[in-house]
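Student: Assemble the complex: chain A is given as a structure, and chain B must be docked to it using the hints.
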Amino acid sequence: QKEVEQDPGPLSVPEGAIVSLNCTYSNSAFQYFMWYRQYSRKGPELLMYTYSSGNKEDGRFTAQVDKSSKYISLFIRDSQPSDSATYLCAMIGTGGYNKLIFGAGTRLAVHP
Amino acid sequence: EAGVTQFPSHSVIEKGQTVTLRCDPISGHDNLYWYRRVMGKEIKFLLHFVKESKQDESGMPNNRFLAERTGGTYSTLKVQPAELEDSGVYFCASSQDRGSYGYTFGSGTRLTVV
Chain A
1 QKEVEQDPGP LSVPEGAIVS LNCTYSNSAF QYFMWYRQYS RKGPELLMYT YSSGNKEDGR
61 FTAQVDKSSK YISLFIRDSQ PSDSATYLCA MIGTGGYNKL IFGAGTRLAV HP
Chain B
1 EAGVTQFPSH SVIEKGQTVT LRCDPISGHD NLYWYRRVMG KEIKFLLHFV KESKQDESGM
61 PNNRFLAERT GGTYSTLKVQ PAELEDSGVY FCASSQDRGS YGYTFGSGTR LTVV
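These protein sequences, in sequence, are chains A and B. So in the numbering used here, spot 51 of the first sequence is number 51, and the numbers just go up one at a time. So in the numbering used here, spot 5 of the second sequence is number 5, and the numbers just go up one at a time.
Looking at chain A on its own, in the form it has when it is part of the complex:
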């Protein structure tokens, strides 16, 4: 079983839609949760990070962590064609060294 499960999509939505991206995980030691965005032929770019459970908002993006359910989400409001990319969740456990454990990534296409 993978430590982090993420539906690879693809997910296609119209411009202006609310997008919901999700990951589940199995390791209860994970403490830090991140969302990266990756455009084609580029490296992952950090979008959001949260520590432990709760919500965090940054502009059109909201990250949620529910540690009791081992479930994290990223919501994108008023989606734009420029949001079309692959979104990767990533996690870090305790114990130092900050090794990221990635989900498979969800491909998102926002069409005008």
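It is possible that some hints are incorrect.
[Stated by the list, open to error] Partner residues aside, some chain B positions facing chain A, computed with beta carbon under 7 Å: (1) PHE45; (2) GLY71; (3) THR112.
[To be verified] Here are the computed lysine-lysine pairs in the DSSO-like style, where the Cα-Cα straight-line distance is at most 27 Å: (4) LYS51/B - LYS15/B; (5) LYS51/B - LYS70/A; (6) LYS54/B - LYS44/B; (7) LYS41/B - LYS70/A.
Calculated directly from the structure, the hints in this document are not laboratory data. Predicted model, so just to flag it, every value in this text is computed and none were measured. We put the CB at the ideal spot given by N, CA and C, even for glycine.
Tutor: Quick look at chain B alone, frame taken from chain A:
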């Protein structure tokens, strides 16, 4: 500031040959990481340097892979001899400290072994 730079951006080599990938981290970043994504799989950790020391190399697949970071600046990842299953995208990332909020990735080197 300049980002994390990787080169070459793309390399095609024959099975059995040697390839060396290079990563220049952001200046002043002590932590340097190598990750890779093989076809259809998740991005996976390879190893972590703190300055010139290997902090964690638990993700290195086998002894055909050798990473170095002499002087604690740029790093190289050598694959010798390359096998078909080594094909994928190799990412380098760096961070200033062991901050838990993620790090800056380079654009990756796409390695194709034929």
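Student: So, for every hint listed, does it hold in this structure?
Tutor: Hints, verified against the model:
| no. | hint | verdict |
| --- | --- | --- |
| 1 | PHE45 | holds (5 Å) |
| 2 | GLY71 | violated (21 Å) |
| 3 | THR112 | violated (14 Å) |
| 4 | LYS51/B - LYS15/B | violated (32 Å) |
| 5 | LYS51/B - LYS70/A | violated (34 Å) |
| 6 | LYS54/B - LYS44/B | holds (17 Å) |
| 7 | LYS41/B - LYS70/A | holds (22 Å) |
The structure is inconsistent with the numbered hints 2, 3, 4 and 5, although it conforms to all the rest.
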